[in-house]
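Chain order of the listed sequences is A and B.
The numbering of the first sequence is my numbering, which starts it at 1 and goes up by one.
The numbering of the second sequence is my numbering, which starts it at 1001 and goes up by one.
Any given hint might turn out to be false.
In silico contact screen, one side only, chain B against chain A (beta carbon under 10 Å); selected entries [unchecked claim]:
hint, residue
1, Val1026
2, Gln1027
3, Ser1072
Result set (SDA-like, lysine to any residue): computed pairs, CA atoms no more than 25 Å apart in a straight line [to be verified]:
hint, chain 1, residue 1, chain 2, residue 2
4, A, Lys106, B, Thr1147
5, B, Lys1152, A, Tyr169
6, A, Lys183, B, Thr1029
7, A, Lys183, A, Tyr169
8, A, Lys106, B, Leu1159
9, A, Lys187, B, Glu1040
10, A, Lys187, B, Thr1031
11, A, Lys183, B, Asn1076
12, A, Lys183, A, Ala136
13, A, Lys176, B, Asp1110
14, B, Lys1049, A, Asn91
15, A, Lys181, B, Ser1045
16, A, Lys176, B, Leu1159
17, B, Lys1152, A, Asn91
18, A, Lys176, B, Phe1158
19, A, Lys176, B, Pro1156
Treat the hints as calculated values from the structure; they're not laboratory data.
Note that beta-carbon positions come from the ideal geometry of N, C-alpha and C, so glycine has one too.
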Amino acid sequence: MMTFAQASGNPHVIFSSSPAPSSSSLVSSIVKELPDAPVPTDGQSTAQQNQSPSQSQNQTQNPNQRPNQPQPGNAPTLGDLGFTPQQIMANADLQRKLNQRTHDLKVHQTLGLVTVVPLCATVIVAGGAKAKRNRADPTGPPIAPSAGAVDLHAALGASTAALYGFTAYYAIAAPKIPGVKPKGAIKLHRDLVWIHAPGMILTPILGGMALRQENNGEKVHGIASAHSYVAWTTVGAYGASIVAVSWPLHLKFWEKR
Amino acid sequence: MRSAIVLLLIALPLPVVAQNSQWVLVQSTLTWHITHPVHEVDGTSHDAKGKGNCSAAGCDFLIAVPLKTFDSGDSNRDLHMMQTVRGAQFPMVIVRTHLPQSALDAATIDTDLEIQFAGQTVHYDHVPLNRTAHGTDVEITGTVPATCSDFKIDRPSFLMVPIHNEIPVTVDATWRPM
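Same shape as in the complex, but just chain B (with noise of 0.2 Å):
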């Protein structure tokens, strides 16, 4: 009867732990990508920095990458990106979204997110990412469809034709548990 207190005891708070857990963003690409009638264009960042918090209530999952830090291949390119999306104004891309625990152990998980980029704030519902795990590490990617008019960004152009209006953001982001 002891014996079985004691295991009751110690079993009882493992929930709480499972629940009560943190994730730390350790590895990211994140690419966005520009289409023009004679240009295709990918700009990489692997500063982005990201943290999960869970309890019982769910998990609020934070992500941000400084604008800079977006690299195409040309300096003249990367600040002229600067300014079409008021990048010094608004220096950093932030990412939040809200899942339920029980979402994250799903192979496609559909996200609500909250994007912070260029001075307006946008929600993206339904967004699927695929998730893998990797030991205790999780893999997620994905695609944000992203757009020029969603932000308000004026659409930069190359010999008088501006670029597509579609700026998908591809995300490859490793998360791991703390």
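This is chain A alone, in the form it adopts within the complex (with noise of 0.2 Å):
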């Protein structure tokens, strides 16, 4: 696991920054002989925080930042670095479009993982929702499922596919921000929308397919022999498309840092 020591190279900095009083006295002693912890003030001097010690928690808020104020003194300005007016400028349209867009992948990642619950549901359901061989007779006509069990199969299956709609629908209408392209783990999940997308579209139509056969005392044949084959690809890709998105997961998350 990375620590903040190693993610800085630096333990003596990181050793600075530990608030971490303690009523030890070998724990105090190693203290003492620290530099004190770099603290966050409010812009007041220090002497003035140990007036007002409530007050060292505030930050200056500067709503209408300007970066390009003059400084006292000599002080270099934000002027003197040659950003273009571009790069030091605010958008508050691109906040818009980004707060949208945080508000509505939020939205598609949580119907996203709601899906899921149906979903594996429809899959746990789908044995009892199948023609069976007969055993006791092998040569003769397979067992049909109950009408209850294909009923359960076919409304999950069809929850899942209205969720996921909803769900593709918050990823469709977040708003595209210009000149961004989609890099590391974001592309591979969108790339398998290719997968599950028509997948979970042609699911339900085999299925419809198939059960139609089966009421008609046929075997399922033709495409709709393929409805399990899609559906767990459809599955898979889906899964696959949760995990891509998550990483890299850290997965010895139980290691104390």
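Combine both chains into one complex, guided by the hints.
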């Protein structure tokens, strides 16, 4: 597990930033030898802080931040650094888009995880929804599934498809940010759509065809016989999509930092 | 006697020149680090610009970096970071510090930083920065112990678990006298 010390490569700095008051005398003596921890202040001087510690948690809010404002003395300004106006100008419209995007993608994420529940349930009850070979009479006609099992499988499948549709809607509706190309784990997450989206449409269609054939006393045949294969491919792509967007997972989270 | 006067005239401006010096940031790596029970993520920018002006009153340094130049390797995460820290409204991280000239020669520089970020200005006192000379260039390394709460940032969450409050920013900046 990466620690702050490893991240910075500077154990001295990490020690200094550890706010760890302790009642142990040993620890106290060690702490006494360390330099003071860096502390955020509120723009007041240290003396002012000591006078009013309750203010030390406040920060200066500058909603109309003007980074180019002149500095006292010969202090350099942002204008001296050569940034373009586009780089330093606030863009309220972009912020609004980013906020809307985050909102939509949070709903997308929540609905996507909720969809996993009926998806798994549909797969679990799938076994009871298909005709089974009669073991007592292997040459005879297969045993038809109960209407209740078929209805349950169909209802769960329909719920999955509906929730999937809402999930997809929020991903599609989320504002696109100009000039940003998908990169990293999100790219695989998006590419997998080309597998599970057609699968999510095709699976119930094939399931309906298979059910109709069974109801007509026919053995499931033709493209309808691919129902379970398409379904499993869809489930696999959907699961991979969830893992991809969460990657890389830091699996040893139980290790003490 | 005349040569002594000439020598004196030549030597006198030297401390003045030394005092009124300028520094420019020639290379930098700034990295934020976030920690989540199942994620450890770094975002890095090499696009900071900086300048330092020194006079008898001391040295004033300014470093600024556009937020959108931080790259975590995932465009979705970078956009979420931009939203969370109000990066379109406040597109720059600006760091200022004032030091006495004598502090520039120390191996560890004790700095008081003023950081403008996410619409907040926060002071971090006594941040130790390590100084390494490479010829005329000076490399400064250290970590700013920033936290989400300092800048009033709503901590993003994954699987309904928010990231840790600490978002330390490691700094590796090489300065060159002008």
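* Quick check: which numbered hints come out false for this structure? -> 1, 2, 5, 12, 13
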